[in-house]
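**Q** One-letter residues, chain by chain:
There are 2 protein chains.
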Amino acid sequence: MDKQQILSKNQQIIFDIIEKAKEPIKAYSILFNVQKKGIKAPLQVYRALDKLVEIGKIHKIESRNSFVACKNSNCQISKATAFSICESCEEVSEISDNKLSKYLESFQNKAGMKFKKYNLEFFGLCKKCSVK
Amino acid sequence: MDKQQILSKNQQIIFDIIEKAKEPIKAYSILFNVQKKGIKAPLQVYRALDKLVEIGKIHKIESRNSFVACKNSNCQISKATAFSICESCEEVSEISDNKLSKYLESFQNKAGMKFKKYNLEFFGLCKKCSVK
DNA sequence: TACATAATGTTATAATATAACATTAATTAA
DNA sequence: TTAATTAATGTTATATTATAACATTATGTA
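Chains as they are written, first to last, in my numbering: chain A, 1 to 132; chain B, 1001 to 1132.
For the record, the hints were derived by calculation from the structure and aren't laboratory data. Any given hint might turn out to be false.
If we take Cβ atoms under 8 Å as the criterion, some of the chain A residues that face chain B in the derived model are [as the list claims (entries may be wrong)]:
1) Tyr28
2) Phe32
3) Cys89
4) Tyr103
5) Lys116
6) Glu121
Listed next, with one range per pair, are the computed distances between beta-carbon atoms [what the hints assert, rightly or not]:
7) Lys1110/B / Ser88/A: 17 to 25 Å
8) Val53/A / Ser1008/B: 19 to 27 Å
9) Ile6/A / Lys1036/B: 37 to 45 Å
10) Cys1089/B / Gly38/A: 25 to 33 Å
11) Tyr28/A / Lys1128/B: 31 to 39 Å
12) Lys22/A / Lys1009/B: 39 to 47 Å
13) Lys36/A / Lys1020/B: 33 to 41 Å
14) Glu90/A / Ser1008/B: 27 to 35 Å
15) Ser88/A / Glu1105/B: 17 to 25 Å
A quick note: this is a predicted structure, and the numbers were derived from the prediction, not measured. Glycine included, each C-beta is placed from N, C-alpha and C at the ideal position.
Take the sequences, apply the hints, and build the full model.
**A** Structure, rendered in structure tokens:
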């Protein structure tokens, strides 16, 4: 059983938006969505985002500057993330492939660097878009 | 033998800066560096960067919004990039590991998406920083 | 309680990136 | 070798993404 993180007010509001979005969402789009709830400033959003990323509830899609909820049901693997990104429709999905993560977690490079974390982004065309 | 790309004036100027830098360099830092050479506007830099990324002469470190010259001597694998990033000193190096790239190139996810490209960023402490 | 740590609120501003339009250079096809 | 096409450049303005700095309030812990 993993430690259930209790979110603060702003963190919860912002997490809910991201989770409902079902697609990557950008910080300023989140800001727009939460203005009716009293969150007015970018920094309030970014602070919540930072925390949510830190505890693994959401991930940042670096190549898109956008955020998605973690789909690996409750697991805290914010340290090992992999995504597939459709370059046509921009659909993003989190990859959870045990072999892949094992392989990458154990990867050691020649410089002897010890890794704590990785992020992998695959690009291509999703099924729908590759038919078009 | 791979096709030798001839760079335009701006592309060459900007590529030279990045190659000399030996560490990731940001777009506006490049801009500052090339102002004496007549390149005055961000867009001039970004356009050259886009092209250089496209032809694989440089890569973008997405998590850092910075750019490095490709170290895989002349090869055009801008489609398959992997880096190790030290979270302390921010040293970045390009990983060229045949096994790793073969593994990732052949990776197929469950949704049957066909990948054309990937980018992998490992994070940790480099040798120097892990001693401190 | 009191001390420490985390979260919030707010204003201003920094850093990163692109839109839109005009012009010039290089390539290619007739 | 000209005309047509495509690639690159120049320029101004502006959009987008992200953080600094400082004051305050809430929460957790000794």
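**Q** Can cysteine 89/A be said to touch chain B, with a Cβ gap under 8 Å?
**A** violated (12 Å)
**Q** The hint names tyrosine 28/A as touching chain B; please verify it with the least Cβ-Cβ distance against 8 Å.
**A** violated (17 Å)
**Q** Quick one, is the tyrosine 103/A hint okay against chain B at 8 Å, beta carbons?
**A** holds (6 Å)
**Q** Does the CB of glutamate 121/A sit less than 8 Å away from some CB of chain B?
**A** Cβ of glutamate 121/A sits 5 Å from chain B, so the hint holds.
**Q** Minimum Cβ distance from lysine 116/A to chain B below 8 Å?
**A** With a minimum Cβ separation of about 5 Å from chain B (threshold 8 Å), the hint on lysine 116/A holds.
**Q** Taking the Cβ atom of serine 88/A and the Cβ atom of glutamate 1105/B, is their distance within the range 17 to 25 Å?
**A** Holds, at about 21 Å.
**Q** Check the following: the C-beta atoms of cysteine 1089/B and glycine 38/A are separated by a distance inside 25 to 33 Å.
**A** violated (40 Å)
**Q** The hint says 17 to 25 Å between lysine 1110/B and serine 88/A; measuring C-beta to C-beta, is that right?
**A** With Cβ atoms ~19 Å apart, the hint holds.
**Q** Do lysine 36/A and lysine 1020/B keep their Cβ atoms within the hinted range of 33 to 41 Å?
**A** violated (51 Å)
**Q** Does the nearest C-beta of chain B fall within a distance shorter than 8 Å of the C-beta of phenylalanine 32/A?
**A** At 23 Å from the nearest chain B Cβ, phenylalanine 32/A fails the 8 Å test, so the hint is violated.
**Q** Does the Cβ-Cβ separation between isoleucine 6/A and lysine 1036/B fall within 37 to 45 Å?
**A** violated (55 Å)
**Q** Is it true that the C-beta distance of tyrosine 28/A to lysine 1128/B lies inside 31 to 39 Å, as the hint says?
**A** About 38 Å separates the Cβ atoms of tyrosine 28/A and lysine 1128/B, which means 31 to 39 Å holds.
The structure fails hints 1, 2, 3, 8, 9, 10 and 13 (numbered hints given earlier, in ascending order).
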